[in-house]
Amino acid sequence: MKEIPRTVWVISLAALLVRLLLLFSILPLGGVEALVMGDSRGFLRVAENIAAGNGISQSEYAPFLPDSRFPPVFPLLIAGSLAVFGSFLPVIFLNIVIASLVPAVVFALGSRFTSRLKVLVAASALAAFEPLMIIFSVLLIPHPLSLVLLLFSCLFFVRLFETQTSGDAAFGGLFLGLSVLVRPHGKLLAGFAFFFFIVFAF
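Heads up, the final residue of the sequence shown is numbered 322 in the working numbering, and it's a clean run with no missing numbers.
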């Protein structure tokens with residue numbers, strides 16, 4: 121990450137400020153409830169049960185039956201936030217910070233494919249201000265965390281072809297596994313990776 125230019129870090133800072141501005145525009149109007157929609161309610165219910173010692177369950181009443189619909193990492197983060205701070209807002213701030221780092225990771229990944237600085241900076245800017253991800257980063261959903269973990273996995277996967285080290289292979293697998301445990305869409309990359317290896321082998 122040391123080779124990332126100052127311009128990209130400025131873009132990341134701007135992305136952070138935009139997301140904070142959106143968050144502090146929403147809170148006075150709808151409160152923290154406005155940050156909970158769709159699958160957020162399921163994650164929050166599981167997290168509340170974990171914080172209360174009822175396990176990974178969506179049940180509102182005993183018996184608290186185990187539930188495997190939602191991967192465990194994000195509910196555990198929310199549960200930790202509820203237990204320590206009494207609120208899930210710290211998780212929202214974590215989402216915002218993580219989403220603001222996407223431009224830097226995109227630059228690092230893109231630099232493995234091109235050395236054209238303008239292209240890399242443009243890609244970083246587009247990643248920073250993609251409207252849907254701006255919205256996702258202020259909601260109680262795992263998309264920003266899962267995306268950054270997946271990007272790190274791709275970065276180490278690409279580095280593996282340069283370094284041929286077991287460390288890059290291990291970190292690529294680790295970040296992919298964590299991404300799947302946050303949100304399972306990353307598992308779809310296994311098919312693409314297999315196809316890539318077949319093409320590369322021949």
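Think of the hints as simulated: they come from the structure by calculation, not from any bench. Note that the coordinates shown come from a computational prediction; the quantities given were computed from them, not determined experimentally. One or more hints might be untrue.
What the hints assert, rightly or not - What follows is a set of in silico ranges between Cβ atoms, one per label pair, in the way DEER data are often shown:
| hint | residue 1 | residue 2 | range |
| --- | --- | --- | --- |
| 1 | P186 | V130 | 44 to 50 Å |
| 2 | A154 | F205 | 16 to 22 Å |
| 3 | P183 | F205 | 27 to 33 Å |
For glycine and all other residues, C-beta sits at the position ideal for the given N, C-alpha and C.
Run through the hints listed earlier and report the numbers of any the structure violates, in increasing order.
Hints that this structure does not satisfy do not exist here, as all of them hold.
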